Amino acid sequence: MPFREVNSKMVEATVVPGQRMYSQRGAMLAYRGDVSFTPNIAGGQGGLMSMIGRRVADEATPLMTVEGSGTVMFGHGGHHIQVVGLEGDTLYVEADRLLAFDGTLEQGTMFMGSQGGVMGMVRGQVTGQGLFTTTLRGHGAVAVMAHGGVIELPITPGRPVHVDPQAYVAHHGDVRNKLSTALGWRDMVGRGSGEAFQLELSGSGAVYVQASEEKL
Amino acid sequence: MSGSDRERVHSGGACPHTHPAQYRHPVAMFRLQGSKVLAVDMTGDSVKAKNGSMVAYDGRMDFKKLTGGGEGLRGMVTRRLTGEQMALMEVKGQGTCYFADRASEINLVSLHGDKLYVESSNLLCTDGGLRTGTSFTGLRGGATGNGLFTTTVEGTGQAAIMSDGPAVVLRVTPPYPLSVDPGAYIAHQGDLRQQFQSGVTFRTLVGEGGGEAFQIRFEGDGLVYVQPSERNTVGGDV
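Going down the list, the protein sequences come from chains A and B. For the first sequence, the numbering used here assigns the number 1 to the initial residue and increments by one for each residue that follows. For the second sequence, the numbering used here assigns the number 1 to the initial residue and increments by one for each residue that follows.
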């Protein structure tokens, strides 16, 4: 695990030669040793095609490559940071919530419509997350930002978890998500309970939920 | 006599833990997950929560807006007139429901037949059996910028209140009254009298005040919840 939590809003990463890391541009707070930061025009890994893919998908966040030897501290906007360890599975997260991640992880973009069909696309629109999301796969660690603290809720088969779309941060594992609606006539006349749309996650894995309904 | 009234008479203000047999209805279990997320375990019973404050749940839940905070027509009219608006929803079901609001710190309050006074904006969730209402606060409200009325929660059960930063609970006893900055006050419970006091002097009038011109003074026996942050108040500037 290259990330060490300094406090709830700062992480410290160890950089060794030959191993690169990616982080959100401008998220470095301090560093020790000989470390270089280069802006990454491609916005992450992959060649020209993945760069175009991310631009089209609007999942392109300004990233920078961190290389050298030393330790770097990351933090951004006073947001809480959750370190997620991946052991071969896939993490689904919005690109703007990514603070830093291991270079060994394989970065990709996923089309929401491929999971849940039309409802998946509706889901992206309703939650304001767009039609695409970022995936990270492999062995390594990811630092994810959230407003307020984060709780991890396990998802087991036969026991789905429902999440408020605005409080959803990320999920990993073999999880299917779909948008479930509880729209009634009350919502139509403006007397809804404020919980008309929910994200239903089923399968096996875990979902990260933040203690706030504010987007970053 | 309605069901909730009967239950209240049975428990008679005593601690509910000593009389478990008298609880006929299953009671929602409140617990904190971290300091900013409230988890409520429910088995078919209901809780009242701030509109839109659910962040996640497992099991099966129903959400219904309570028009007028479930206080009936009279309560609804009172809330409209006093401006102490409160949008509540009723959550009912089986499973665990998680509540949070704008990353505020959450404090659990147990009520044993006594009354909790709290600003409606600081109330997150209450047990389904508790009754809510409005009461007049007097001059204090004007200085806190919260209006002249406040929300009361009454009965036996648990409630969750929110604060900006972790709240401290200060005990007030007859020989030791307490003065609180109106901007940092969030709630109080017990048999307390409150009094508005001002330290406006010649210096304040010429713009050289210490920024602490107004305080609320609590006397009696009870608890006061204070947050480590100050809202913008009229009195805060002078």
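No lab work stands behind these hints: they were computed from the structure. As the structure is a computational prediction, the values presented were derived from the model and not from experiment. Accuracy of the hints is not assured; some may be wrong.
[Stated by the list, open to error] The calculated DSS-like cross-link candidates involving lysine-lysine, where the alpha carbons are at most 25 Å apart (straight line), are:
1) A:Lys178 with B:Lys92
2) A:Lys9 with A:Lys215
3) A:Lys178 with A:Lys215
4) B:Lys92 with B:Lys64
5) B:Lys115 with A:Lys178
Going through the hints against the structure:
Note on Lys178 of chain A and Lys92 of chain B: the hinted pairing holds, with a Cα-Cα distance of about 22 Å set against a maximum of 25 Å. Proposed proximity of Lys9 of chain A and Lys215 of chain A is supported: the alpha carbons are some 17 Å apart, at most 25 Å. A C-alpha spacing of about 20 Å is found between Lys178 of chain A and Lys215 of chain A, which places the hinted pair at or below 25 Å, so the restraint holds. The suggested pairing of Lys92 of chain B with Lys64 of chain B holds, with an alpha-carbon distance near 8 Å, which does not exceed 25 Å.
Restraint check for Lys115 of chain B and Lys178 of chain A: the C-alpha separation of about 43 Å exceeds 25 Å, so the hint is violated.
The structure shown violates just one earlier hint, number 5.
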